[in-house]
Each structure stands twice: as structure tokens, then as C-alpha cells.
Amino acid sequence: MILDRELYSTVTVSDLLLALMIMLIAAMIGKTIALNLKRVFKDMSKDRIATISKIIYYTFVIVGVLIALPILEVNLSALLVAGGLMAIVIGFASQSIVTNLISGIFLSIEKPVKVEDVVSIGGGEGSMGMVEEIRIISTTIRTFDGVYVRIPNEKVFTNSITNFMENVARRFEYVVGIRYSDDADKALEIIKGLIEDHPLALKEPPPQIFVQNLGSSSVDITVRIWAPSTQWFRVRMELLWKIKKTLEENDIKVPFNQQEVWFLNDLEVQGKDAK
Amino acid sequence: MYGDYELPFQLSTDEFTLMTETSGDGFTYTRTVGEDIVSKQILTDTAKLNISPIEPLNLPMKLTSALQIELENAIVIKPQSKRKVYLTFPVELGVFLYAERSQKSIDIFSLKKPKYTLYGDVSTGTICKYWKSTVFPDIPETNILHEGVIELSIKNNSIDWIEIHKVVFNAYGMKIFYDEDLVAMRARMAIKKEDTSVTDFINKPLKKGMKKALELYIKEKQPLKGTRFIMEGGL
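Heads up: the sequence lines are chains R and G, in that order.
For the first sequence, counting from 1, position 18 maps to 17 in the numbering used here; every step adds exactly one.
For the second sequence, counting from 1, position 45 maps to 69 in the numbering used here; every step adds exactly one.
Quick caveat, the hints were computed from the structure, so don't treat them as lab data.
Even for Gly, the Cβ is constructed at its ideal location relative to N, Cα and C.
Mixed in with the good hints there might be a few duds.
The following label-pair restraints were derived from C-beta to C-beta distances [stated by the list, open to error]:
1) G:A214 <-> R:L23: 50 to 56 Å
2) R:R47 <-> G:E124: 45 to 51 Å
3) G:K228 <-> R:K244: 48 to 54 Å
4) R:R223 <-> G:P84: 21 to 27 Å
5) G:E124 <-> R:I1: 28 to 34 Å
6) R:D144 <-> G:I183: 55 to 61 Å
7) G:K86 <-> R:V80: 56 to 62 Å
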């Protein structure tokens, strides 16, 4: 029978099939548990679930392989010696991969960034965006203009990270200049009312609205507002436009820069109808 | 007002209109609140529609499951004592379609303006839906389309006099009941010390005969979510 046919040594086709089946079942169990983990722990952060899922999956795969290898008469102790030698060779050849791997492990322990956080890594505009995935070797982010950026974990770990989502609320600020002839008290009241009306401009910590500076062309009103970190940009955009429109509707205008120029001598104006 | 309706139907108040009209093989659902109009096509020949007060944490978006009620007049409670007060909460109206066993929320609206706040500090605090309420000694009269009533049993387990300025609740524990005159929940607040307390809800109606409202924040679907709120950022 074909199943009893010897492939090498005493290993038959049926042994090979059994070994493959064990590895397949182990992988399937690992995958099933990993998938169900995502379903059961919906509230756990995505990156944590992804890490735990990967650990469970690969543990099952490794266990499956370790059970299957003796069936195929592979000597594990010989494999370990060969593996040791290989490890030295591979270690030299893949220093940067190991560095990234270790950085990845430390990143998953320290957790300075999480999936869906808006971050800036290394301070450059190019590496500012939303974290899409934290893998064991690299971290991927999607910049605000939709560009995929893959950053090796070593760079993530050793560079400065600004995480805009780590705290639940975030403050932003405007400076609104109005004319000296405008009623500043009225402007303050209008701005206060608009902030109060906006659902996502937080009640606490309270907003601050005050005259900060008497500028050369305008009375400068500083407006500081707290918003949920996830909605910060939206609130900032919406409120700025509303403040501009509402102030103008109330005849309070943002002045152009003004400069008074004094001439030492009388001016002589030349031209056809000059006086 | 709240309850089941057979399609097609129309419901109008001074503040909003709900309407379903037969359209082709199904129905057209239209809701109007001021200038805000929502219209949806429902593809079914048989279905019931239910209007229910729901956890007030869905509008303008599902940003948090915590509701903070600031008290207009602070409560001072003596050590080792238990008292009952009544607060109000904003009502959100959920429109559900259901056929056989499954139900689907097709619309949520509110006649009250939403506002958010931060409970605790910026790094460890919680974003909460914000509401300000007077503290009432008895069940206050409310417009059931605007406000509901929370019966709050406060138990001061500490050995100090405690002053309470705000209460925070978790939507996953909310159990709303309603009848023709009242939308209500029953809640508890156990004070441990000056700045720490725990709030949760009681799954019983405030009055006999009240119907249980449909729930959107279902604990069973979110096993890791608790039903209590631990107030550690001050009372």
C-alpha cells in the first residue's frame, strides 16, 4: 500500500501525513484561539490583542513542529547543535534585525505608542501620522496625506516620540485680533458663547478667553480651549471659522496691519490732477 | 409616546416629526428636528418600530460611556449615613426596528444640547458627557422627551462629612424604565472616603408598571466593561 511505502530510513508516507496533520491541526488550533481572542476581548487595545494572538499562534505552531519532528525521525539534539552554529552565523549577518527585534520587544513592554495613536517619531513632519501596526521588527504609520511609512523599531525606540493621543484631552489656542474701535468685552462674550455652544469644547478644564496683548494694529484676544484628543483637530477647525463669522456678523472685524508714516518735509505730489 | 408602532405611522410633536411611509417594497423613514432631517429606506414588508429612551451617551457621537452630572446645589452628607435624592439626566430617543428576534437602531436624536467635560486630570481622567442638575428631595416633574429622573441612594461609609458636587455614571450599567409620565433610573453611590466613591445602577423600576427601555450599552457584548464607575478624581 502507498501509505506503508518507506520514504527514508523507517519513515513512511503515513508518518509524513501524520506529521503534516499534527502541524496543521496545531496551526489551526492556534489560529482559532487567536481569532476568538479578538472577538472576546473587543475592548482590549488592538496592538495588545495582535501581540497575544501572534504569541499564541506561533506557540502552537512550534509545539506542533516539535511533536511532528520525532515522527519524521529528525533528531532534535542534532538539530539544536546545528541550530547553534547557524545562530552564530545568522547573528552576525542580521545584527540590525536583532536590534529591531529587541527594540520591538521593549516597545511592546513600554508601550509609548498604541495602534490608532497619532504620533510624531523623531520630530520630522514625514514621520507624523496614525500608528497602523506595531510589528516585532517595524512600526507602520499612515501620514495625514495617506502615505505608508515603515519605521524600523530601533528608530522608534531610540528617537523622541510625541504621542498626541496619550492624554484624553488636549488644548489648543487662537489669537484673535480685533480693531481698537471694536467693543472687546462684546467680542469676549461672543467667543465665550460659541465655545459654550460647541459640544466638544470641554466644560472642564474651562476655556480661557482674555485680552493678551495690545498690538500695533489690533487688540489681541487669546482663546484657549480643551477638547478630547480624538476630536481636537475637528473642534479647532470648526470653532475658528465660527468665531470669525460670528464676530463679523456683529461688526467686529479683524484689522489689516496698519502703519503710520510721518514725513519730515511737506509732500510734493506730482501728476495730472495733483494738488 | 414611547413604545411600539406598526408601520407605516406618523408621530408629530411641537419639536419633532417621525414618519414612515410606504415606498415600493418597503418604507421610507423620515425624522425632522428643526432643520435636521434624517431619511432612510427600510426594505421590509413587515416590521415593528419601537421608540425608546436610551442611554444618553450617543450624540453627537459615541465618545465615552461615562455621564457626569454636576450638581447645581452641592450635597453635604453626614458620616455613616444613607440618604436618597433625585437628579435629572438628558434623554436621548432611540428609534429601533425589530422583526422576530433581531433589532436594529435606525436613528438616535435628542432635544437637549450635548456637552462634554473631563473628569479627573488630563493624563488619567475620563472624558464624560456633561449634564447639570438640580438636587431634588422628591421625584421632579419632567418632560419625558427631554429629561429623565435618577433616584440616587447615597451611602456615606466614611467617618467624615462629605460634600458632593458631581456624580459620574457608567452607561454599561444604566437601566432605564419609562411610562407615560416618567423616564427613570435608580442608582447608588457608595462613598468610601472624601474623594472616592463608586456608582452603579439598580435593575428595578422607580415605580410599579414602568417598562424597561431598550439598551445600546450591553454589558454582555463588552465583557471587559464594568457596570460601575469608580470616582477617584473627587466628588
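Results of checking the hints against the structure:
1. G:A214 <-> R:L23: 50 to 56 Å: Given about 53 Å between the Cβ atoms, the range holds.
2. R:R47 <-> G:E124: 45 to 51 Å: violated, 37 Å
3. G:K228 <-> R:K244: 48 to 54 Å: holds, 50 Å
4. R:R223 <-> G:P84: 21 to 27 Å: With a Cβ separation near 22 Å, R223 of chain R and P84 of chain G satisfy 21 to 27 Å, so the hint holds.
5. G:E124 <-> R:I1: 28 to 34 Å: With a Cβ separation near 53 Å, E124 of chain G and I1 of chain R fall outside 28 to 34 Å, so the hint is violated.
6. R:D144 <-> G:I183: 55 to 61 Å: Taking Cβ atoms as reference, D144 of chain R and I183 of chain G lie about 59 Å apart, which means the hint holds.
7. G:K86 <-> R:V80: 56 to 62 Å: Distance hint for K86 of chain G, V80 of chain R holds at roughly 58 Å.
Figure legend: structure checked against the earlier numbered hints; hints not met, in rising order: 2, 5.
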